[in-house]
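*Asks:* Here is how the chains run, residue by residue.
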Amino acid sequence: MTLIKFEKFAVEFTLGNGRQFTALKGLDLDIPKGQFVCIVGKSGGGKSTLVRSLAGLTLPTGGKLTVDGQPVTGPSRDRAMVFQEDTVFPWMRVDENVGFGLQGLLPEKKRERIEKWLQAVGLADFSKAWPRELSGGMRKRVALATVFAMGSPVLIMDEPFGALDFVTRANIHAILLDLWRASGTTVVFVTHDIEEALVLGDRILVVSDGRILDDLSCDLARPRDEDVLGSTKAVGLRKAIIGHLGIGRQPMLESADQ
Amino acid sequence: MGEAVADRQISSISAPMRPQAVALLRWLPGLVGILGTVAAWHLISEARGNVPSPEEVVTNIWTNLFSSDRLPGIGLPKGGYFPHVVSTALNVLLGGTVGAFVGTISGLFSASSQRFGDVASPIATLIGTVPIVIMAPFFLLWFGLSGLAQFALVAMYTATTLHLFAKRGAENMPKELLEYASILGTRGWDQFFHLRLPGSLPEIFGGLRIAFAGAWGLAAVTEMLGAQFGSGRVITALRAVYDLTGIMAVVLLLGAMAILLDILLLALRRYILRWKIS
Numbered sequence: 001m002t003l004i005k006f007e008k009f010a011v012e013f014t015l016g017n018g019r020q021f022t023a024l025k026g027l028d029l030d031i032p033k034g035q036f037v038c039i040v041g042k043s044g045g046g047k048s049t050l051v052r053s054l055a056g057l058t059l060p061t062g063g064k065l066t067v068d069g070q071p072v073t074g075p076s077r078d079r080a081m082v083f084q085e086d087t088v089f090p091w092m093r094v095d096e097n098v099g100f101g102l103q104g105l106l107p108e109k110k111r112e113r114i115e116k117w118l119q120a121v122g123l124a125d126f127s128k129a130w131p132r133e134l135s136g137g138m139r140k141r142v143a144l145a146t147v148f149a150m151g152s153p154v155l156i157m158d159e160p161f162g163a164l165d166f167v168t169r170a171n172i173h174a175i176l177l178d179l180w181r182a183s184g185t186t187v188v189f190v191t192h193d194i195e196e197a198l199v200l201g202d203r204i205l206v207v208s209d210g211r212i213l214d215d216l217s218c219d220l221a222r223p224r225d226e227d228v229l230g231s232t233k234a235v236g237l238r239k240a241i242i243g244h245l246g247i248g249r250q251p252m253l254e255s256a257d258q
Numbered sequence: 001m002g003e004a005v006a007d008r009q010i011s012s013i014s015a016p017m018r019p020q021a022v023a024l025l026r027w028l029p030g031l032v033g034i035l036g037t038v039a040a041w042h043l044i045s046e047a048r049g050n051v052p053s054p055e056e057v058v059t060n061i062w063t064n065l066f067s068s069d070r071l072p073g074i075g076l077p078k079g080g081y082f083p084h085v086v087s088t089a090l091n092v093l094l095g096g097t098v099g100a101f102v103g104t105i106s107g108l109f110s111a112s113s114q115r116f117g118d119v120a121s122p123i124a125t126l127i128g129t130v131p132i133v134i135m136a137p138f139f140l141l142w143f144g145l146s147g148l149a150q151f152a153l154v155a156m157y158t159a160t161t162l163h164l165f166a167k168r169g170a171e172n173m174p175k176e177l178l179e180y181a182s183i184l185g186t187r188g189w190d191q192f193f194h195l196r197l198p199g200s201l202p203e204i205f206g207g208l209r210i211a212f213a214g215a216w217g218l219a220a221v222t223e224m225l226g227a228q229f230g231s232g233r234v235i236t237a238l239r240a241v242y243d244l245t246g247i248m249a250v251v252l253l254l255g256a257m258a259i260l261l262d263i264l265l266l267a268l269r270r271y272i273l274r275w276k277i278s
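Protein chains in written order, with our numbering: chain Y, 1 to 258; chain S, 1 to 278.
To be clear, the hints were calculated from the coordinates, so they are not data collected in a lab.
Be aware that a few hints might be false.
[As the list claims (entries may be wrong)] Here are the computed lysine to any residue pairs in the SDA-like style, where the Cα-Cα straight-line distance is at most 20 Å:
hint: 1; chain 1: S; residue 1: LYS276; chain 2: Y; residue 2: SER135
hint: 2; chain 1: Y; residue 1: LYS42; chain 2: Y; residue 2: SER208
hint: 3; chain 1: Y; residue 1: LYS128; chain 2: S; residue 2: ARG270
hint: 4; chain 1: S; residue 1: LYS276; chain 2: Y; residue 2: PRO90
hint: 5; chain 1: S; residue 1: LYS276; chain 2: Y; residue 2: GLU133
[To be verified] What follows is a list of derived Cβ distance ranges for each label pair:
hint: 6; chain 1: S; residue 1: LEU264; chain 2: Y; residue 2: PRO107; range: 29 to 39 Å
hint: 7; chain 1: S; residue 1: ILE134; chain 2: Y; residue 2: GLY104; range: 46 to 56 Å
hint: 8; chain 1: Y; residue 1: GLY162; chain 2: S; residue 2: ALA39; range: 49 to 59 Å
hint: 9; chain 1: S; residue 1: ILE127; chain 2: Y; residue 2: ASP28; range: 53 to 63 Å
Nothing here was measured: the structure is a model prediction, and the numbers come from that model.
Think of the CB as a built atom: it goes at the ideal place given N, C-alpha and C, for glycine as much as any other residue.
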């Protein structure tokens, strides 16, 4: 069942010099409920604009975007988002951060839910800590607990783990996949890291120049350990993505040589 | 041999310092600065006959703090320096608090609403550039010699400073935090109290310290221009009889009060910004 639907979706920006820049060019995309979709592509290709539009933070200049049949007109609690930057409120303790997305709940219910999700991300012992006392990976786990505690049907993630080291990132991937499986949330995950997309995604979209260049099904077995990621299928997917991204070609250097 | 040296280095690096030693080290530069100033002051007074020595000034404070035979003789009410300094302190505290409140609110609103900012910010900048000696006579004409003029002037200048600092604090808040908050369902007043205000507090405290440091001077100058009571009034009366020691005694008392208030502000800042300051 389609949950998210982009139809001829276009976004244009006016640049500082007055010129128009088309970030997304009439995009058509259906995302079914519960799917983990990864979006890869070069910087400036439209990945972030696509997910910011889904979050309601960027409005379209053409086309239509609906989530569960409802048009997206602005930010909503139904579409939670984890940003590339630290979005943990530094003046709130860890439990207050998680509880901030739970306004309107009775205090006991809120407490229960905070404890549950802090437990789920392995931060139960840090509920009273200030964010500055946590590592970068732990702060990302607070952000994960906050958005999953909200129970949003759609989770948008814009290069959330780009600044983390390899081991921390692997650990947080495992936590994210556990939470995703348990919650049934639809995840739209932007990354510039092909390996990260292969580890996480059910489906990988290659976006460049405001268009979807390829829509790849990533039905590799889970958990995706070294054996799975080294399989012929994974190697084929990796090659296909690399082919689309044009890695190895250096047009600027070539033209300079000429 | 080499290992022994390395061991010695490690033990000297890792040996924990006693808390008293840490506290002393923290206060030491300030203490050295004060002692250096007093020593320089002493040397200057020795070299020039018209500068009272630190000893004379301290003795003057001791003699005239709570009761003074001298002050009624130069047209001031009975009592010592203390009630005058307290009066100035009250103007600073009350005026500063009201001004800080108004300035913070208007600064934060200016950052949230462009229309409000377009109206309020130029006014704040304009007021901030008018010298106190030009503004004070108007306030004395409008509010009289009752002390309200001092209160109003301190409030106005504090509000101006806090407006600019609070606005800058709110404007410098990462855009992602505001977007994230809007996704979490925060709007209007919720956003104001849970985001813009706490996120701007580091800047607001910076503004508070600057505004309050300047407020003592503002209050005293306004009292000098026209008041029946207060430190500025005492300085004016002492100036008329060329009592340099007395003037320096009052200035020193005002300075001590300003430092005390700053220490209190720092303690408050340390508590409120405990999420930021380790």
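*Asks:* If a hint holds in the structure, say so; if it does not, say that too.
*Replies:* Going down the list of hints, with the structure as the test:
The hinted pair formed by S/LYS276 and Y/SER135 meets the criterion: a straight-line CA distance of about 15 Å does not exceed 20 Å. Annotation: proposed proximity of Y/LYS42 to Y/SER208 holds, straight-line Cα distance about 6 Å (limit 20 Å). For the hint pairing Y/LYS128 with S/ARG270, the CA-to-CA distance comes to about 18 Å; that is within 20 Å, so the pair holds. Between S/LYS276 and Y/PRO90, the direct Cα distance comes to roughly 7 Å. Compliance with the 20 Å bound is thereby established for this hinted pair.
Of the supplied pair hints, the one linking S/LYS276 and Y/GLU133 holds, its CA atoms being roughly 10 Å apart against a limit of 20 Å. Between S/LEU264 and Y/PRO107, the C-beta spacing of about 34 Å keeps the proposed range 29 to 39 Å intact. At about 53 Å, the CB distance of S/ILE134 to Y/GLY104 agrees with the hint of 46 to 56 Å. A hinted range of 49 to 59 Å for the beta carbons of Y/GLY162 and S/ALA39 is consistent with their spacing of about 57 Å.
For the pair S/ILE127 and Y/ASP28, the supplied restraint of 53 to 63 Å holds, since their beta-carbon distance comes to about 57 Å.
Going down the numbered hints, you'll see the structure goes against none, and every one checks out.
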